[in-house]
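Asker: Each chain, written out:
There are 6 protein chains.
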Amino acid sequence: MSDNIAAYGEVMMRLEVPGYHLLSQSDTLSYTFSGTGVNICGSLSKLGHKGMLITTLPENTMGDTALAYLRKLGIDTQYVNRNGNYIGMYFLENGFGVRPPRVTYSNRLESSFNTTQYESDYVEHIAKNINFIHFCGISLAMNDTVRNQMKHLALLVKERGGTVFFDCNYRPSLWGENGHSKAEPHYEDMLRLADIVIMNEKDAIHTLGFETTAHNEREKLTSLIPLVAKEYNISIIAGTRRSVHTENKHSIQGYMYKEKIFHFSNQKTFNVLDRIGTGDAFASGIIHGECNAYSSEDTINFATSAAVLAHTTKGDTPMSTERDIISLMSHKNHDVIR
Amino acid sequence: MSDNIAAYGEVMMRLEVPGYHLLSQSDTLSYTFSGTGVNICGSLSKLGHKGMLITTLPENTMGDTALAYLRKLGIDTQYVNRNGNYIGMYFLENGFGVRPPRVTYSNRLESSFNTTQYESDYVEHIAKNINFIHFCGISLAMNDTVRNQMKHLALLVKERGGTVFFDCNYRPSLWGENGHSKAEPHYEDMLRLADIVIMNEKDAIHTLGFETTAHNEREKLTSLIPLVAKEYNISIIAGTRRSVHTENKHSIQGYMYKEKIFHFSNQKTFNVLDRIGTGDAFASGIIHGECNAYSSEDTINFATSAAVLAHTTKGDTPMSTERDIISLMSHKNHDVIR
Amino acid sequence: MSDNIAAYGEVMMRLEVPGYHLLSQSDTLSYTFSGTGVNICGSLSKLGHKGMLITTLPENTMGDTALAYLRKLGIDTQYVNRNGNYIGMYFLENGFGVRPPRVTYSNRLESSFNTTQYESDYVEHIAKNINFIHFCGISLAMNDTVRNQMKHLALLVKERGGTVFFDCNYRPSLWGENGHSKAEPHYEDMLRLADIVIMNEKDAIHTLGFETTAHNEREKLTSLIPLVAKEYNISIIAGTRRSVHTENKHSIQGYMYKEKIFHFSNQKTFNVLDRIGTGDAFASGIIHGECNAYSSEDTINFATSAAVLAHTTKGDTPMSTERDIISLMSHKNHDVIR
Amino acid sequence: MSDNIAAYGEVMMRLEVPGYHLLSQSDTLSYTFSGTGVNICGSLSKLGHKGMLITTLPENTMGDTALAYLRKLGIDTQYVNRNGNYIGMYFLENGFGVRPPRVTYSNRLESSFNTTQYESDYVEHIAKNINFIHFCGISLAMNDTVRNQMKHLALLVKERGGTVFFDCNYRPSLWGENGHSKAEPHYEDMLRLADIVIMNEKDAIHTLGFETTAHNEREKLTSLIPLVAKEYNISIIAGTRRSVHTENKHSIQGYMYKEKIFHFSNQKTFNVLDRIGTGDAFASGIIHGECNAYSSEDTINFATSAAVLAHTTKGDTPMSTERDIISLMSHKNHDVIR
Amino acid sequence: MSDNIAAYGEVMMRLEVPGYHLLSQSDTLSYTFSGTGVNICGSLSKLGHKGMLITTLPENTMGDTALAYLRKLGIDTQYVNRNGNYIGMYFLENGFGVRPPRVTYSNRLESSFNTTQYESDYVEHIAKNINFIHFCGISLAMNDTVRNQMKHLALLVKERGGTVFFDCNYRPSLWGENGHSKAEPHYEDMLRLADIVIMNEKDAIHTLGFETTAHNEREKLTSLIPLVAKEYNISIIAGTRRSVHTENKHSIQGYMYKEKIFHFSNQKTFNVLDRIGTGDAFASGIIHGECNAYSSEDTINFATSAAVLAHTTKGDTPMSTERDIISLMSHKNHDVIR
Amino acid sequence: MSDNIAAYGEVMMRLEVPGYHLLSQSDTLSYTFSGTGVNICGSLSKLGHKGMLITTLPENTMGDTALAYLRKLGIDTQYVNRNGNYIGMYFLENGFGVRPPRVTYSNRLESSFNTTQYESDYVEHIAKNINFIHFCGISLAMNDTVRNQMKHLALLVKERGGTVFFDCNYRPSLWGENGHSKAEPHYEDMLRLADIVIMNEKDAIHTLGFETTAHNEREKLTSLIPLVAKEYNISIIAGTRRSVHTENKHSIQGYMYKEKIFHFSNQKTFNVLDRIGTGDAFASGIIHGECNAYSSEDTINFATSAAVLAHTTKGDTPMSTERDIISLMSHKNHDVIR
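Chains as they are written, first to last, in UniProt numbering: chain P, 1 to 338; chain D, 1 to 338; chain E, 1 to 338; chain H, 1 to 338; chain S, 1 to 338; chain L, 1 to 338.
Incorrect hints may have been included.
Because identical chains cannot be distinguished in the list, a pair is counted as satisfied if it fits within a single copy or across any two copies.
The calculated lysine to aspartate or glutamate pairs, modelled on EDC-like cross-linking and capped at a C-alpha distance of 20 Å, are [to be verified]:
1) Lys230 - Glu259
2) Lys314 - Asp274
3) Lys249 - Asp274
4) Lys50 - Asp76
These aren't lab readings, by the way, just hints derived from the structure by calculation.
Can you make the complete structure from the sequences, with help from the hints?
Answerer: Shown next as structure tokens:
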């Protein structure tokens with residue numbers, strides 16, 4: 001595999017209430033720009049790859065600012081189009097201890113990303129220039145324009161021998177009532193096109209309708225994931241299991257199923273500074289491992305450590321370098337670096 | 001007249017880039033909530049009246065925060081409904097000297113205000129409890145739901161002997177191409193219902209189609225406003241003329257046409273801290289003067305001074321008390337108050 | 001019981017050094033307004049009740065700002081008078097881990113609240129309109145004007161069949177040397193008027209002079225509280241026991257004694273963001289439970305959970321809704337809400 | 001004259017609303033410590049003298065912070081005592097253009113400074129070590145403890161051949177009704193002890209009861225000041241006349257009457273960033289000129305330029321060095337210094 | 001001319017004291033990255049060109065941050081090398097009115113830029129890919145490594161038919177004592193290589209030793225610039241004359257000498273928000289005009305207006321688009337843009 | 001021992017990225033001034049001693065600001081010289097949990113401190129006035145000018161019967177390759193002059209070349225420290241052992257070897273707010289204990305508790321008073337102090 005990697009997805013403006021105040025207790029917000037595609041491309045850029053984002057931004061000061069921010073993250077912006085008038089936004093109120101963080105979305109269905117249909121030529125032009133593409137289940141929840149674009153792009157990349165990566169990322173609030181059955185055909189389409197997939201046993205059961213008699217989560221996972229891999233002809237399936245403790249503490253454990261073998265990382269426990277985007281750190285860790293032909297064991301440990309570090313940096317987009325992650329993997333407890 | 005005053009209008013979240021940075025140069029925003037109705041009610045509350053806002057806010061943290069902010073301004077919120085999911089937003093980049101301020105709107109057509117149709121009973125209930133209501137041309141530009149609600153409310157208040165106030169406030173960008181002809185029938189409907197109107201000669205010419213052979217703005221005004229007042233049976237027409245100098249300096253002069261006589265304030269020149277919402281300070285000054293049976297001369301001077309002071313306070317919503325405004329009118333140059 | 005609830009108490013300006021700096025290390029302060037009465041009314045407003053604050057604010061910009069802040073909290077301000085020149089203030093330096101927070105008061109004895117004697121008619125007018133009133137031992141420590149007003153109000157509400165709530169809240173620094181004996185007669189007066197009381201075994205022993213041979217705190221509590229309830233004819237006595245661990249961690253357990261039965265909540269351990277005002281969250285939880293005729297068990301769990309959540313939000317005044325508290329009581333560990 | 005200079009006066013905490021917001025529009029304050037004595041000592045320290053402040057601060061974190069701030073300004077703090085519990089405070093809302101700044105005081109009468117009576121030995125000890133002392137009319141307005149201390153100190157310094165400086169600085173709000181007659185005996189006492197006085201014709205007329213038939217301010221000044229100098233045997237009288245324009249612009253002109261001759265500076269017009277404390281910059285300019293045996297013309301120009309520069313720096317305490325002031329006096333318009 | 005434009009120059013970290021405080025009055029700094037090359041490339045990027053910066057940044061978090069900032073400005077960073085350990089820094093204290101801004105440099109001689117010698121191959125590689133290159137007299141003041149690199153690059157670009165741009169930008173403090181004679185040979189070398197030069201009559205007289213009997217600045221300019229152009233065979237010479245008024249107000253007038261004809265812009269007067277980098281806005285305006293084959297009159301007006309607008313935006317790097325500049329040139333006074 | 005204490009060392013400007021952002025994620029920095037000497041003198045000032053700093057600051061706004069900051073900390077600045085142009089700087093990015101903090105230095109070798117050679121007379125003058133002096137291994141790593149000055153000062157103080165304190169503080173990055181052998185002769189010089197030394201077994205082994213067959217750290221320590229004390233004739237050797245847990249938690253245990261006896265404090269575990277400067281808190285605790293003739297047990301417990309508290313306050317310089325530290329030693333868990 002080479003590292004001419006693209007991700008398709010919406011750019012969201014993240015408006016965060018500073019510190020631990022509620023929106024009604026503050027009068028300032030800090031803003032950044034993120035989204036699954038942004039996080040993947042930004043993270044891969046930090047890891048030394050060329051991360052090309054395929055998206056659309058409005059032709060106004062909001063779009064200019066988002067574009068400048070993407071460039072600052074090191075993202076390759078040659079496939080960022082300018083069209084439409086709006087950018088999706090979300091407001092974040094941080095949680096503290098037993099009080100969970102809260103995310104409130106603005107109306108994103110009229111955003112530039114969700115209302116822009118690319119020319120067929122343009123899609124082919126993109127597909128020609130990339131050999132790895134990342135998609136995510138959040139985009140799949142948007143509308144038919146976006147869904148068709150996803151499938152079209154995935155197909156073109158696959159036809160040219162590229163690798164298709166799909167992160168299931170099922171968000172109940174986006175699909176609404178009977179969401180799983182609405183989502184199923186689209187998830188199936190994407191899974192059939194995908195080479196690498198992020199998912200867990202819940203996706204298999206609820207969205208794809210697989211069944212199992214296993215009693216605990218681990219057994220369900222190990223019984224169902226091989227069936228999914230076989231059914232949709234997927235090379236690699238990976239994911240994490242998270243436990244949320246009180247007192248700002250979480251644990252995660254990563255798994256990767258490849259060539260019919262499961263690999264599990266150690267369970268890691270850590271304090272949480274910023275929860276959002278950590279799944280994308282995991283995904284970009286898997287991509288980095290695969291692009292560098294790491295062993296499966298190294299890949300899953302690298303990806304899980306990348307996710308842990310992403311919990312300790314502000315913002316959605318992972319900021320860690322390969323050296324930062326390997327340093328954490330080496331289990332050295334660090335005092336000040338100077 | 002009594003001071004049981006209502007205003008109908010959307011609550012907008014104002015997201016301001018601090019200082020004189022562009023959005024692309026900053027990473028924080030300060031936020032407040034405003035809108036013509038908010039400004040009128042907030043200003044009237046400072047002037048000692050009960051200002052009741054008729055609007056709709058979403059049932060989420062955005063709506064909670066907006067509601068708390070309205071209460072902080074002293075606005076009576078008994079007619080603030082909760083429905084829908086979104087709040088209109090605008091981003092403000094302050095100007096400096098020769099560089100003008102810039103406002104960028106989010107998609108407000110799906111806001112709670114613009115998508116909520118009140119029950120007929122509810123509208124009647126409101127109309128019964130108020131005897132003065134303020135409307136503005138910005139709301140008229142939204143959609144038919146809003147437009148019909150405006151006309152319905154205005155009619156009901158008028159039928160019960162209340163006073164209807166209409167600020168023409170024509171915004172070209174909201175009406176789009178051929179905006180004046182789209183707007184004309186709706187403006188005519190509102191003018192026929194209105195007792196007090198804020199407008200100038202440009203509204204008469206471009207929106208209402210009046211014609212004049214006068215050569216300068218003042219002559220156009222004095223020739224056309226009496227025709228408008230007669231045509232639509234309006235008791236009072238008032239407005240301001242603004243000159244924008246370089247170096248953060250503006251001049252304004254107010255006029256009021258009442259009982260067939262024009263009254264002009266002095267031309268006032270001043271430095272500008274925050275331009276937005278100053279027209280609403282003028283309108284609330286007219287309302288305050290009329291509610292207190294000021295002479296026309298006093299009213300137009302009070303309203304113009306209110307507008308001047310509004311340029312020197314941050315935020316859209318005027319914050320001056322009657323004492324502040326009268327102190328400015330008395331032409332005393334003030335050193336520190338202690 | 002109905003929910004036309006009032007609280008009598010001083011409004012304090014809280015001036016907080018941002019982050020974990022000492023006052024001598026910073027040059028900015030953030031400010032809010034609080035006080036036991038403010039916290040009770042604000043908290044009850046979030047819980048869906050009408051919380052009416054009985055207090056006095058100065059007639060200047062400090063008073064205007066405090067009043068706007070109370071309105072923002074959703075407090076009913078019809079019994080907020082304007083008189084005098086000063087507002088009480090306190091400076092807060094946050095603690096971190098083993099370093100405790102530190103509070104420094106300005107001179108509050110000349111505050112508007114502490115120097116304003118209400119007209120007799122006015123007190124009767126208030127008493128007529130409310131059927132539940134909250135008092136606190138901090139006010140009792142101020143001066144005779146305040147003490148007499150408290151007892152007068154309590155008596156009038158009780159005479160009309162209303163419920164009197166008294167939170168002992170004994171603050172050694174406010175009563176000075178031999179404080180307990182100075183306080184005793186006033187505490188006894190209030191306890192005789194009270195229906196619901198917040199206290200623990202220390203108040204019984206030190207202020208009221210009860211004696212016990214029990215050896216540990218729990219036994220002292222269970223032996224003495226019934227005697228206090230009987231002696232002063234109190235329907236409900238409740239309170240919390242707190243343990244302070246190092247590392248920003250506290251534990252609390254609530255108890256409620258009602259109809260001769262003790263109910264204890266679970267012991268809850270949690271990280272602390274903002275310690276101040278959490279006792280008022282507990283008190284408002286008891287009030288909410290009683291107003292909604294919760295079972296004693298539900299009330300004590302609700303009140304204790306309300307206190308826990310109040311430790312995780314900034315500011316003195318509890319900001320949690322009934323839904324937030326019940327969600328915590330259900331023991332679900334929450335990841336991001338979106 | 002030598003430069004072992006002391007000033008007697010209260011330290012005030014200045015709590016400023018950032019930018020141009022009102023207190024009710026903000027939630028943060030920036031704080032510094034000032035007062036006439038602080039400003040004089042701080043300014044003289046910048047000008048290369050030893051400025052010793054005679055004051056009292058509370059024994060708590062407020063006092064610690066104030067003391068650290070005084071040291072930061074370069075003030076010699078050997079005569080700063082620690083006693084009492086409170087520090088005086090004032091809140092500043094900045095003005096903009098036609099909207100004047102507003103200062104609101106906390107209750108300063110119970111401050112450490114205003115309630116501390118020095119031991120007689122201690123006063124003598126101070127008087128022995130200094131040969132120049134500055135007093136101000138603001139302290140004179142406080143109470144008898146402070147007034148007696150002022151007169152005692154002034155007398156002791158004068159007896160030892162030191163120089164006594166008195167800035168009339170009459171503040172109407174501090175003296176209350178019939179303030180001038182209450183103030184008169186105390187002002188006369190101080191003027192009889194003073195060698196150098198800051199005042200203008202209004203002090204002569206209103207406080208001291210001098211009369212003149214002159215028609216304009218300049219003539220009143222030139223007719224009355226010589227009479228005052230003679231009556232109270234004052235060596236030097238100086239002062240400024242200020243005009244406040246709109247648009248943040250002021251003009252000032254300084255005068256100095258010494259050895260029966262008037263010296264006037266040029267009238268200087270400038271934009272105002274921070275008005276407060278500029279009179280103290282003028283006074284410290286006079287002191288600096290006298291200590292360095294400048295010609296009267298140089299002294300009045302230096303003092304007036306010092307006052308102008310003080311309008312362009314934040315905070316009450318002047319921050320300009322001799323080089324900064326002389327550079328301004330040389331009339332060079334400066335571009336960036338690099 | 002094409003727009004494959006490069007600039008050679010150091011990246012400086014600008015550390016600005018917020019607002020109008022002195023460094024000793026604050027405890028926070030805001031930081032950006034700039035330098036003449038950065039400003040030219042950033043400004044050209046806003047004007048629609050590809051601006052490639054030739055520079056060196058350290059291999060640490062300072063360099064990473066600078067690089068991200070350059071990308072955010074839209075600068076092409078393919079010729080930004082990573083080497084060495086330090087980045088040049090300067091501290092900026094803003095002026096106000098009669099108080100000038102002050103810039104204090106850190107030790108920049110050990111910076112990555114000033115200590116890195118490029119490989120000969122690399123320089124040739126760069127020269128091959130560009131056809132327009134910008135240099136500045138500030139770099140010329142650094143050391144021989146930098147000076148030789150400048151001349152080498154200029155020569156290679158010239159040899160390949162590219163355009164060499166040189167901004168004299170003589171900084172006395174960088175050349176030290178007898179600076180003009182130290183600088184002369186290097187300025188002469190650069191002028192002989194240059195096609196377009198920014199300079200004025202002072203450079204001609206003091207650095208290059210030209211003489212004139214003209215009495216005023218304008219006559220000196222018009223008599224000397226043609227001689228310089230002839231002597232060094234320069235196609236275009238341009239520059240501005242600045243007057244600094246009090247009250248944050250400056251005036252500038254631009255001139256351009258091309259094909260033996262002088263073109264002058266109007267004199268423009270404006271308020272100043274941020275003085276630094278405005279000369280680079282002028283230079284990039286000249287480049288833009290030449291690249292777009294504007295008439296000389298249009299070019300000089302465009303460049304001068306670009307410089308004016310740069311005074312009204314924060315930061316060293318010009319942020320205006322072609323539309324912003326043309327809008328200012330059209331002399332329309334703008335109210336809010338919405 | 002008396003408490004006329006001096007410390008010799010560089011003043012560094014600490015530029016901290018606020019919160020937990022990386023430098024590339026922020027645009028503001030907060031700044032303070034520190035360095036081992038600053039921390040020792042500041043800490044001793046808080047503990048009631050006179051702490052005199054021997055250092056050199058540049059003659060510009062950076063130096064003025066640093067000097068004001070030192071005064072604010074209560075440091076006696078009579079031995080702070082002004083010379084040279086630069087101040088050393090370091091940038092701090094805070095860590096969070098498993099992500100360690102990162103410190104990046106500017107070029108400090110050209111700083112005023114590192115380039116200033118004191119006159120011989122001046123060094124003698126200082127040595128005459130002090131009887132206790134603190135040095136640190138960081139200064140020893142700078143250059144020969146600094147090293148010679150250290151040894152000269154130490155010798156002069158020792159000759160006059162004063163006490164010499166040396167904190168080994170070996171920083172690998174400052175000594176470079178083969179650092180230990182480069183450092184050895186200089187460390188030996190200082191140890192021979194020192195009365196009190198901070199070190200641990202690693203210094204003995206790696207820098208001084210001692211050998212031991214002990215297997216664990218504690219045994220190595222107890223076997224080697226007596227040998228070091230004997231070899232270099234040192235009265236007291238002390239130090240701490242640190243364990244770094246995940247989740248912002250550290251443990252430390254202090255030891256002191258005096259009169260051939262080892263004393264160990266309890267192991268203390270605590271959350272970390274600001275790691276830097278905590279070793280200096282320990283050293284100043286040892287000095288305070290010795291100056292007050294505490295028992296060895298009290299001294300080591302006091303010093304260790306001082307170090308613990310220093311982890312809970314922002315900034316390098318310890319801010320705790322004797323009362324704060326003794327309160328922590330008394331093992332009382334504190335709730336709010338009010």
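Asker: Could you run down the list of hints and mark each one as holding or not?
Answerer: Hint check:
1. Lys230 - Glu259: Classified as within; 11 Å inside a copy, 65 Å across copies.
2. Lys314 - Asp274: So Lys314 and Asp274 pass the 20 Å test inside a copy (6 Å) and across (18 Å) alike.
3. Lys249 - Asp274: Result: close both inside a copy and across copies, 11 Å intra and 19 Å inter.
4. Lys50 - Asp76: Answer is both: 7 Å inside a copy and 15 Å across each meet the 20 Å cutoff.
In the structure shown, no violation is registered for any of the earlier numbered hints.
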